[in-house]
Amino acid sequence: MLNYYEELNVSTRKSFEVCDITDGIAAVIKASGVLEGMVTINSMHTTCALSVNENEERLLEDIRNFFLTLAPPDASYKHNDLHLRVDIPPDEPENAHSHLVAMMLGHSETVAVHNGVLALGRYQSILMLEMDGPRERKIAVQALGAK
Amino acid sequence: MLNYYEELNVSTRKSFEVCDITDGIAAVIKASGVLEGMVTINSMHTTCALSVNENEERLLEDIRNFFLTLAPPDASYKHNDLHLRVDIPPDEPENAHSHLVAMMLGHSETVAVHNGVLALGRYQSILMLEMDGPRERKIAVQALGAK
Amino acid sequence: MLNYYEELNVSTRKSFEVCDITDGIAAVIKASGVLEGMVTINSMHTTCALSVNENEERLLEDIRNFFLTLAPPDASYKHNDLHLRVDIPPDEPENAHSHLVAMMLGHSETVAVHNGVLALGRYQSILMLEMDGPRERKIAVQALGAK
Numbered sequence: 002m003l004n005y006y007e008e009l010n011v012s013t014r015k016s017f018e019v020c021d022i023t024d025g026i027a028a029v030i031k032a033s034g035v036l037e038g039m040v041t042i043n044s045m046h047t048t049c050a051l052s053v054n055e056n057e058e059r060l061l062e063d064i065r066n067f068f069l070t071l072a073p074p075d076a077s078y079k080h081n082d083l084h085l086r087v088d089i090p091p092d093e094p095e096n097a098h099s100h101l102v103a104m105m106l107g108h109s110e111t112v113a114v115h116n117g118v119l120a121l122g123r124y125q126s127i128l129m130l131e132m133d134g135p136r137e138r139k140i141a142v143q144a145l146g147a148k
Numbered sequence: 002m003l004n005y006y007e008e009l010n011v012s013t014r015k016s017f018e019v020c021d022i023t024d025g026i027a028a029v030i031k032a033s034g035v036l037e038g039m040v041t042i043n044s045m046h047t048t049c050a051l052s053v054n055e056n057e058e059r060l061l062e063d064i065r066n067f068f069l070t071l072a073p074p075d076a077s078y079k080h081n082d083l084h085l086r087v088d089i090p091p092d093e094p095e096n097a098h099s100h101l102v103a104m105m106l107g108h109s110e111t112v113a114v115h116n117g118v119l120a121l122g123r124y125q126s127i128l129m130l131e132m133d134g135p136r137e138r139k140i141a142v143q144a145l146g147a148k
Numbered sequence: 002m003l004n005y006y007e008e009l010n011v012s013t014r015k016s017f018e019v020c021d022i023t024d025g026i027a028a029v030i031k032a033s034g035v036l037e038g039m040v041t042i043n044s045m046h047t048t049c050a051l052s053v054n055e056n057e058e059r060l061l062e063d064i065r066n067f068f069l070t071l072a073p074p075d076a077s078y079k080h081n082d083l084h085l086r087v088d089i090p091p092d093e094p095e096n097a098h099s100h101l102v103a104m105m106l107g108h109s110e111t112v113a114v115h116n117g118v119l120a121l122g123r124y125q126s127i128l129m130l131e132m133d134g135p136r137e138r139k140i141a142v143q144a145l146g147a148k
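As given, the protein sequences belong to chains A, B and C, one line each in that order.
27 is the number that my numbering gives to position 26 of the first sequence; each next residue is one higher, with no gaps.
98 is the number that my numbering gives to position 97 of the second sequence; each next residue is one higher, with no gaps.
107 is the number that my numbering gives to position 106 of the third sequence; each next residue is one higher, with no gaps.
This is chain A alone, in the form it adopts within the complex (with noise of 0.2 Å):
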């Protein structure tokens, strides 16, 4: 059995951006050595997600769009209430918007290999979903099979 672990380093620069991950990933697999087996791709972070979705601009506004509408930052979150929480860092910031959209679109996504290539359809993209930035992201990157 094969496994291969690497974190990927994304620079995000807008509060709310969708990044493709998919030539990162695919080249995790190439340097796995994995034929046959699953890569698991999970964020480091509690407001940046992960999908797999069609990466075309017009969408990605809806997508910004819609979720935003779905948790709209400036409603009125007890997450938001810094003074009332405890053990804070100095630039803690006011996200509970990007926390709850986060959790809807997970932070997660497993892929089957096959063949040596992911196994994802024609419109099928990896995509990071920052919901918090501009900031440095993390990627975790695990892939597991048989040559």
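Treat the hints loosely; a few may be bogus.
If chains are identical, the list can't say which one is meant, so a pair holds when it fits in one copy or spans any two.
[As the list claims (entries may be wrong)] Here are the simulated DMTMM-like cross-link-like pairs (lysine to aspartate or glutamate), alpha carbons at most 25 Å apart as the crow flies:
#, residue 1, residue 2
1, 79, 62
2, 139, 92
3, 148, 7
4, 139, 7
Treat the hints as calculated values from the structure; they're not laboratory data.
Using the hints, position chains B and C against chain A.
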């Protein structure tokens, strides 16, 4: 280590439809010979999702109503302005809401396998949710583990 | 290859409750002996979900408020018309909203294991979300990998 990959074909007949694919996944586990391990199940489409929940007729209607109310098909979406997009097929549908619901539900499920069977509770089924049918859909299934 | 399966028992005390099960999953990883691999964690229930996010007291209240506003318990759902359903247990609750929220959050999480520990970031916890308690819940955990 055992590994086994298969793509299930599912034909849908409605625009929004929930298909119970538990038996198909159980058959893959049996064919794989895996007794202890896990199976990852991936929708290979961006408007078709996977979920594990109860296959109860009236609940399936609630699921449809709930998600189509959250993301109404006839709301305004940038992805649906087909004349503003480049490089699209002639039969491109207006399906932004399908992408958004698919992202909320998720494109993959990973289920533990123990004693050769899926670790599902009494009321749990593996559901494929069609959001933009009728279509021919493919579900990638990779089982990994030991005999 | 190592594999190790365990079912965690979690008792909940409220109708909606978030339980941090990170320590329980870490103990499974330790018991498994897996140093490099992955663990899949599955709720064995249709009204109980899993998520990876921050265990911050006030955020947990936001999570409850947010999801119960999206899917209000007292809205009209077909699944709750118990007299129209067949073959239901005498103590069947009116819990359609719990199913819908559980589907948005997801029934499973898969987390990479590296150097014998879960690949979680500083603020991440593995959370079990009870939607229809109080109940006795079971979480299936399967670790797979190498020592």
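These are the hints, each one checked on the structure:
In this assembly of identical chains, the alpha carbons of residue 79 and residue 62 lie at most 25 Å apart only when taken from different copies (7 Å versus 28 Å within one copy). For the identical chains of this complex, residue 139 and residue 92 are intra-copy neighbours only, at 19 Å inside a copy versus 39 Å across copies, given an alpha-carbon limit of 25 Å. In this assembly of identical chains, residue 148 and residue 7 lie within 25 Å of each other by CA distance both inside one copy and across copies; the values are 18 Å within and 17 Å between. Only within a single protomer do residue 139 and residue 7 lie at most 25 Å apart by alpha-carbon distance; the minimum there is 10 Å, versus 29 Å between protomers.
Violation of the numbered hints given earlier is absent; every hint is satisfied by the structure.
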